[in-house]
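Student: As you go down the protein sequences, you meet chains D and C in turn.
If you number the first sequence the way this note's numbering does, the last residue is 659 and the count never jumps.
If you number the second sequence the way this note's numbering does, the last residue is 1171 and the count never jumps.
None of these hints come from the bench; they were simulated from the model.
It is possible that part of the hints are untrue.
[Claimed, not checked] With the Cβ distance kept under 8 Å, some of the chain C side facing chain D (calculated, not the full set):
no.	residue
1	Ile830
2	Leu869
3	Leu872
4	Thr946
Built from N, CA and C at the ideal position, the CB exists for glycine as well.
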Amino acid sequence: MRMLEHVYLIPLIPLVASFIILLAAPEDPHSPMPLVGIAAIGWCLIQSVAIFYGAVIGSIHIPYQMDWSWFSFGATIGGKPFLYDMPIGVLIDGAAVVMLVVVCLVSFLVQVYSLGYMHGDPHFKRYYAYLSFFTAAMLGLVVSSNLLVTFCCWELVGFSSYILIGFWFERAEPAYAAKKAFITTKLGDLGLYVALLLIFSLVGSFQIPQIAQFVAQGYMPAGAATAIGLGLLCGAAGKSAQFPLFIWLPDAMEGPTPVSALIHAATMVAAGIYLVAKCYFIYAASPIAMFAVAWAGALTALLAATMAVVCYDIKRVLAFSTVSQLGFMMCALGCWGYTAGLFHLTTHAAFKALLFLCAGSVIHAVHTNDMRQMGNLSKKMPFTALATFVGTCAITGIPFLSGWYSKDMILEQVYEYDPHLFFILALSAVLTAFYMFRLVFLTFTGTERDLERYRHAHESPWTMTVPLGILAALSIFSGAYLSHNHLFERLVHFDPPAGLMPRMNVAPPGLGGIVFAAVACAILFSYRLYGRHDFRLAEDLKRRLAPVFNLLERRYYLDDSFLALVDLGDRTAKMAFWIDSEVIDRIFVDGWDLLAQLAAQLGQLFDALFIDRMVDETGGLSVSVGGALRWLIRRGMIQEYLLWTAAVLSTLAFLIAWR
Amino acid sequence: MQNLGLLAPEIALSLLGLGLMLADILAPAKSSKLLYHFAWVAAAVALALIARGLSVSGGLPLPVSGGLWVVDPMSQFFKLAVLLSVIMTVMLCLEYGQLPPAQAGTFCALLIFSTVGMMLLVSATDMLLVFVALELISISSFVLTGFERRNRKSNEGAIKYFLFGAFSSAIMVYGISLYYGATGTTRLVDPQSAGLWLPALQTKSPVFTLAMLFILLGFGFKAAMAPMHFWVPDAYEGAPLPVAAFLSVAPKIATIGVLARVYMVLVPAASLGFTTLLALLAMLTMTVGNTVALFQDNVKRLLAYSSIAQAGYILIGIVAGTALGIQGVLLYSLVYVAMNLGAFAVVQAVGDNGSRDGLGSYELAAFDGLAQRSLSLALFMTAFLLSLAGLPPLAGFIGKFYLFAAALSAGRSASGGISPAVFYGLAVVGVLNSVVSVYYYMKIAYHMFFLPANSGKGERLPSKDGGPLPAALHAGPYLYGCLAVALAGVLYFGIYPDPLIANVQLSVPHLP
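Work out the full structure: start from the sequences and follow the hints.
Tutor: Written out as structure tokens, the structure is:
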């Protein structure tokens, strides 16, 4: 099988599947059409894994590039004609290989899981069409070699996110959340758009290899690289929910939980990270942009982690956790940790999808998101509880689970680059341990706080538990597998150009041990607060630290300021509209109308008094002339005819002779 | 003698005319239609001979024969036009019911002789030949006009025509005598060099100028130019309809031909100081024709005034005096044959039919509701009227456009003491007159399409209220053939005038 040569099929198959699902059958809560989508993504998964396997054993050579001509257009630059060629194509490097597997795997599992979770939904079929469409757009984003196509897919991914967050649009909150997510990410896309324009105006191409070559040969001025890097970061911050644009992600949890797992945990929010990685050569050329990436990531990691501590909505805790983890990745990228960032992306996809699907399983059972109404659920749904525990351990960084490998790698890398960032991230890691175990304790242990809900709770069907099992296994083993013999590093690495080596601090041995010790303390503290049957200490703490709690619950007032910003924009638009309709229109539109009417009146007057008069007079004149001439010959007397003729003749002769 | 072959068409036509008179004696009265067929075949033979001559000479200038006459593309063009109109006239006669069958041969012979006169006229370069040809036309025409002997109108028209003709002949002969007195010859070209002898002429001498004025007015009589137009409405109204159609077309364009030859080529009007005079006459002719036509209730009289106005338009080309002017004159003459004969044909279908079933006459009221009685005739008539008014995409528009353009271009290049205002004014008056003419042409269309049909006695026939529809109007095959040919010309040359323009342009450089 020539899997790599036909890699372009990977985005196209789900696209076709989505249209088939959407158009080929009537809406039906028990429609069999989802099997089409699952079959399509199943094939994509097989192909992706085959490519991954080939890359691992070295039977295929990466990076692989293949371009087809798309369109070309002529332009005149500085008086010289120039033909822009715009190919469309695929570029498969190590990062893309890994991303393909991640996206296809998570998408496949989520689609299987959704068979149970969404069963009986009135828009069951449409849901699968949307999922397939999202998958197609995401895969297109991954494989494209052309930044313009990447941008198109980027927007399509955003659009899919919009329709999936607002999937239950009959309710107000999902509709609002969808709008918020879309508009906020659009704000970031503005920067991305500017960056793309800058790239094209400088390089004259959207092809990533050409841009990379352009940068490598030193044609890219440092200022431009910084501007492009910041623009790309802006787009990535919107999509990957980085500071200060992360406000949309917690609200996006209004969508169906499998969607949250797929889009808002594993794949789409990783697109920003992936974009930065894809354009890493630009950041390599701009220390300022690199610095911005690192600090944006670190800040996001810390802020999100703190907010997760006080949250009671199970999905929002996971959402803040996602934001925080994305901050880890971003920060790693900003510290020359290309491999570390993408490694964490890969492992995070597995355990965060697992956690979300577990949360979905819980919500499916108790029909609420609020952890205060849960408790002691491990009795009712032991498998889910076990899977959640595995996921929590992985994200916390318990040794030899997948999160431990990647987080350790990041912390080490960051310490080498900048110890300040290391401390921020370490603090975030400790907080992560605290709030994740808080989630586990609140949900699965202690006493049942809502007996009604507790009684109805049950373990989920196999379509939901099997994906949980697979993801749990991956959360345990993927880190060890990928770091064995530096497998991931061989696959995914970035060679910094000569002379641009980052400054190095040597990480002290035992750094990981110290961090783990802190994490263990945090887990114990969490157990002390939430693991027992009474929460007096937690309540006490909350009362004493009320201002801090309020600040965190209000999300640092970022939402409010953002909403104020939107409101300001709204007011400005309203005022502009008022000025337009009440002032500009009155003067320059209605005024012209009056003027035109006046002119028309004048014209009509002129017409009636002069032109029409002239026409009438011409007609009248012809009639009078005709009447006069007719009178001359009215009687039909030949003598008179001859007399007139003779008279004219004589006159003419006289005139001629006289001359 | 070797040039006598150039006269072959005229000779052949004259002999056939004599043969017609002979056949008239031999043929029985009831088969008189045969004589009409003989007549158009004779004209067609002459037409073929001319066409053959043109194709043999291949468009080269033909030699001048002894100074009496000239055979060149322009003369042949006019001969073709005249012969075409005579053939169409005979077609109309075949359908016309008022001619006495016993005299059919005489009628046809007169028609043919008149045609011979026209053919000689357009070739003539000698004043005496011009006069003889003109008289041949005139005297035949007088008789033809009075051919309906039982019809008082016909007799009245013939008498008026004759008296007026005699008067203008006298003027012309007087002019010719003055010409002879001033130059010592009746020739218009130099017999030795076979070219112009204008430099030798005393163009500025008053006698010569007077002579040319009288000759001009003599021509004006046949071309129905104001102030020699008085006879036209009376003669046309009285004449049998085919004769009126013939008179409105053939002698007019033949005279235009000789006018163009004499006053544009041989003795240019500009060299006589006649430009302003001719322009005034053209304006007068147009204005008289168009404004008086506004009042006419009789379609024959209306078309008579219309034909006066049309002559005025053609005069614009002669006033311009340029190559473009000659082209315009030739172009418009041929187009005029088609549209005017077509219009008269429809009038015959309406009016002559009426005399059979008592429904129609030549009054305007007879055209009421023609569209109901025969839609095809109404549409034919509309096309011809629109062409006469000069509306695109019909041939009349192309012709008028050419004439007005000639006046404007002459105004642009005006020199020698002639004010450009003369030409510009002429063009403006021409356009204004075209506008006025639309009124009375469309008045006929109004009667045809928008009024209900009425009986001959002035009662409205019931048409829409369940009563019987007015009798449908039928015309014979020859008339329809005539109409079809005319319409084809009007449409074809209106939409695709290039071949006609190309031929017209070819004939100009060969003028002596």
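Student: All hints are to be evaluated individually against the structure, with a verdict given for each.
Tutor: Structure-based check of all given hints:
1. Ile830: 7 Å, holds
2. Leu869: Holds, because the Cβ-Cβ distance from Leu869 of chain C to chain D comes to roughly 6 Å (cut-off 8 Å).
3. Leu872: 6 Å, holds
4. Thr946: It holds, given that the least Cβ distance between Thr946 of chain C and chain D is near 7 Å, below 8 Å.
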